[in-house]
Amino acid sequence: MYLEIPRKFGAIVHQAQQVARSVFRPISRKYDLAEHAYPQELDMFAAIMDGMNDGAADGGAGAGKLARSGGKPSEGNVNGTNMKTVLGLTELCWGDVGLALSIPRQGLGNSAIAAVASEAQLARLGNTWAAMAITEPGAGSDSAAIRTTATLDGDHYVINGEKIYVTAGERANAVVVWATLDRSKGRAAIKSFVVEKGTPGMAVVRLEKKLGIRASDTAAIRFDNCRVPKENLLGDPEISVDKGFAGAMQTFDNTRPVVAGMAIGLARAALEKTRELLAPVGLEPDYQLQTWQQPAVIRELQLLEAELEAARLLTLRAAWMADNGQPNSKEASMAKAKAGRVGNAITLRCVELCGSLGYGETELLEKWARDSKILDIFEGTQQIQLLIIARRLLGKSSSELK
Amino acid sequence: MTRDPIGLALSLMNRVAGQAWLDRLGLRPVVEKTAYQGTRAGFRTLALAGREFRRVNEWLPKQRLPAKAPADLFNLTLDEDQQMIVDSLHRFARDTLRPAAAAADEAATIPAGLFAAAAELGLTLYAVPEAFGGVAETASPVTSVLIAEQLAWGDMGLASALLAPFSVAQAITRWGSGEQQSRYLPAFCEESPPLATIAIDEPTPLFDPLKPATSATVTGSGYCLNGFKSGVVLGAESDLILVAAELHGRPRLFLVETAGTDGIRVKPDPAMGLRAAKLARLEFKDLRLPADALLGGDDFDYQAMLDLGTLLRCGLAIGSAQAVLDYVIPYCNEREAFGEPISHRQSVAFMISDLAIETDSMRLLTWRAAARAETGQSFHREACLAHLLCSEKAVAAGSHGVQLLGGHGFVREHPVERWYRDLRSVATLYGGVHA
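Chains as they are written, first to last, in the UniProt record's numbering: chain F, 1 to 402; chain G, 1 to 435.
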C-alpha cells in the first residue's frame, strides 16, 4: 500500500502547473470579464499538449486518452492514463477551470469517443475536438428522458431536437449528441452521434451567460433535420436492453474522477491564496492534534485541507481503479460527490475568511467561488452521485430507489 | 517478499473455529455484575499483585525496526500477508468480539479469556523485534491500522483493551533504550503477556496532549511523579503504564511499573463509551521512579509518539464507522414504512451514501499517513489531517447510525447506540494507542 503520486508523473504535473501559472492565471480575470470572447492564447498551448500526447510512450493523457471501460483486469499494478489525466487537469484547474475546459481537443466528447467508439471510429474521429450534448430544456439529470430523435434514413441518421449546456459547443469541431432511436423503447434506445461542425441543420442558437467558468462557452444547439452519416453512431447501433444506455453512461465512470480532479485543483488554489493572504497577519498553518486552542481560522484551514485531501485520495482511488481495469462506478461517484461539495464549500469559505479582499475582484477568490459551483453540477449533480452510490450500496434498481 | 510476521502468528488462528473459541476461552458473556461503581467510588491504592519485570544485567543494544522502502507507484492493494491478517481478524471480530460486545459494555468488563485469545493471535509478538522474542522485522504502521480497523469493527471498547498492551510494546520498540527493551519486551512475547497501557489524558477541558500538567522532577535517585490521568484504558489492571509527564518543560513518557509501588492511586473512570476498556483515573502522588524509568533517549520524539498513536486511533474510528455502515444497509433494506423498504427513500439512502463516502475518506487519509510513516517519510501533517477528519466524521457516523434506525437505534437491542457512544471517543482521547 502506497498513496503517493508516483515520481514518473512529476514531469506532467510540473508542465501542467507551468501552464496554469504562466498561461492561465495571467488571463484568468480577462476572460472572466470578457465572457464569450475566444481565448486565442490557448491555440498555441493546445498544439503543445497535442505534441506531448503524440510523443508520449505511455499513451499520453487527456480527455481523448481516458481508458476505455470494461477492459480486462490488468496484470500487476498500473498507474496510467486515468491517473495522469486527473493529475494534469487538477493542475490546469488550479490555474483556471473555464480555460481548462476551453483547451482544444480536450472536450468531454473526446472522452465519450474514447470510451465507446469502434477502432475505425477512433481512427477517424479521435483527433477532432468534440463537445458533449446531453442536456435538453426538459431533461437534465434525467438523461433517459431526452427527446432528441435520430431516425435512420438510408445511409444517414436524421437528428431533430434541442440541446443546451453544451460546453465548448461553439468552439469545438464536432458535437457528440445523445438522441433516441425510438422513444417507446426507453433508455436502451439512446445512442450517441458525432455531428461535425458545419453539418446542415445544426445551429448554435445561443451562448449562455453564467455564474462562473465564463471563459468557457456554453452553447444551446438546435438540430433541424440534421443528417449525419450512419457510421457516426458511436458503438453498437442495435437497441439492446443489456448494453444500450449503460454503454453511454460508461463514459462517466472515467470522466467523473477528472471533474473531481478539477474541483480539487480549484479548491487548492483558493486555500493556497487564503494562506498567502493570512501570512502577513501572522496566521500560518500549524498542524495540531488538539485543534480547539488554535485561532478559529487556523483550525478551519486544517479542516478544509483535510476535506480536500480526502477528496483528492478518493479521486486518485477511482482513477487508479480505472487504470487497473476494476469496475469503479461507485468509487467514481464517491470521488465526484466529495470533491464537488468540498470544492464548493472551500472556495466559498475562503472568500469569507479573506473578507472584502476575498469578495472583491482584485483577487481571484470570488471568481473561484463562482466557478466551483458548476463542478458540483455537471457530469452528474451531487444528488445524482449520491443516488448512484446508494443504489450500489443497497443493491437497488433505479425503479426501486428513484 | 518478506513474510509479515504477524501473518505467521495469525495463521495459527485458522485452525480454530470461531465458535469453539467462544467456549474454550470463556468468552461467552461472563457477565460479572460487580465492582464498577463509577465515580462515586473514591481513589484506592493501586496494589496489584502484578507482574514484576526483572532487571537484566546484560542487555542487548537497542533495536530499531527499519522503515520499508517507498514504492514506485500509487497502490491500494493490500499485500498477501496484510490481506490474510485482515481476513483472520475480521473473522475474530465477527465470531468473538461482536457477540461478546454488548455484555462487555453492560458489565463494563472484559470477558475472561479475551487476552488469552489476543495472545494466541500473537498480536504483541508483531510489535517486538526478533532479538527480544518477537517476530517484527520492519516497522509496519499500515498493518497496525488494519488491525485496529478490524478489531474495532467487532467492538471499539474491546479493541481498545486488546490494543493497549500492543501499543505499549510498539512504543518500547520504537523509543526504548536497549536496557528498557531488554527488560520489558521479552515479557510481551510470553504465553501470557503483561497488561499495559499508555496514560496521556488528563481531567481538564481542551486537554492538549503536548502539555500534560502531570510533572516529573529530578531526585537524587531518579524522578518524582505528581499529577492526574483520566480515561486510562485498563488503568487499574495494567502491570506497566507509560505515563506522559512534563520534565524540564518538555513532555516525556515514563515507564511506571505498578507492582508493589505506593504513590499510585486509582479509581474507575467510566465514560460514555469504551466501557469494556475499563477506563480509570490515576493519581500519582510523589511517586518515586528510578532513573531508567524515562522512556528513550536522544531519539525520543514526543510529537511523533502522539502521531503514531493517532494512526491507531483513526484505525479504531474507521472500523467502528464501517460497522455502522455494514449494519444500516441490511436494516434499511428490511425495515418497511409506507409499504416499502425505507431504503427506497432518498432521505434515507443519501445518508447511507454519505456514511460510505466519509468512512472511505477517513480510511484513505489514515492509510496515507500510515504508509508515509512506514516508509520513513514525514507524516505529522498527514496524521493531523487524518485525526481532524476522523474526529469530525466518526461522531457523525455514530449519529447517522442511530438516526437511520430511529427509535430502534436508541435502544440497546441494536448495537448502534453503543457505537454512537464509542465513536465520540475518537476526538476525545489520546492515550492507550501507538501504531
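A hint or two may mislead.
Footprint (simulated), chain F over chain G, 3 or more residues, beta carbon under 8 Å [said to hold, decoys possible]:
#1 76-84
#2 131-141
#3 149-157
#4 384-396
Keep in mind that the hints were calculated from the coordinates and are not lab data.
From the three backbone atoms N, C-alpha and C, an ideal C-beta is built for every residue, glycine too.
Hint by hint, here is what the structure shows:
1. 76-84: Held - the stretch 76-84 of chain G has 5 residues with a Cβ nearer than 8 Å to chain F, which meets the minimum of three.
2. 131-141: violated (count 0)
3. 149-157: violated (count 0)
4. 384-396: holds (count 7)
The structure fails hints 2, 3 (numbered hints given earlier, in ascending order).
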